[in-house]
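Construct all of the structure, not just a fragment, from the sequences and the given hints.
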Amino acid sequence: MKWFMVSFLLLVSPALAQEMADAPGASLRILDKLTGEVRDVTLGRGQSVVAGRITVQLDACRSPADNTVAEADAHLTIIDAASADPVFAGWMLATAPALSALDHPRYDVWVLRCDVPDLALPEVEEAPVEDPAPEGAAPDAATDDGNG
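Following our numbering from start to finish, the sequence shown increments by one per residue and tops out at 148.
FYI, nobody ran anything at the bench for these hints, they're computed from the structure. Treat the hints with caution; some may be incorrect.
[What the hints assert, rightly or not] Estimated spans, in silico, between C-beta atoms of each pair:
| hint | residue 1 | residue 2 | range |
| --- | --- | --- | --- |
| 1 | T77 | V38 | 19 to 25 Å |
| 2 | M20 | R53 | 30 to 36 Å |
| 3 | R29 | P86 | 18 to 24 Å |
| 4 | D22 | R106 | 28 to 34 Å |
| 5 | D108 | Q47 | 18 to 24 Å |
A virtual CB, placed ideally from N, CA and C, is assigned to each residue, including glycine.
Rendered as structure tokens:
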């Protein structure tokens, strides 16, 4: 049994020793389950945002040093105005939000990504909007299915 445990730890330890890089901020998504309002926020380390009854504070964000957009782990402190103690204080994982989630009857919070300032996102053009057919125009025979 000892031999199995030692060999297992030797095989797994390189994967567990992934180099992590600290990021200066993170992007989060906050959902108010009562109203359906979804809000995306970007916070710097140490900053907080008030969303309804909760205050969400970003304590730290980190991601793999070799691939900063692949994963994000953020340490959050979430306080409900109705409670003296934090309702959540710990690490949330962007790739597995249910693993360490906020357990709140009204709000959900997700980590989207760590914000890396020197990461240049590509410019994306908006898709052109097609002009609607003028009133009274005959339908296109290629798209008319005959059902009116």
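Hints violated by the structure (listed by number, smallest first) = Violated: none.
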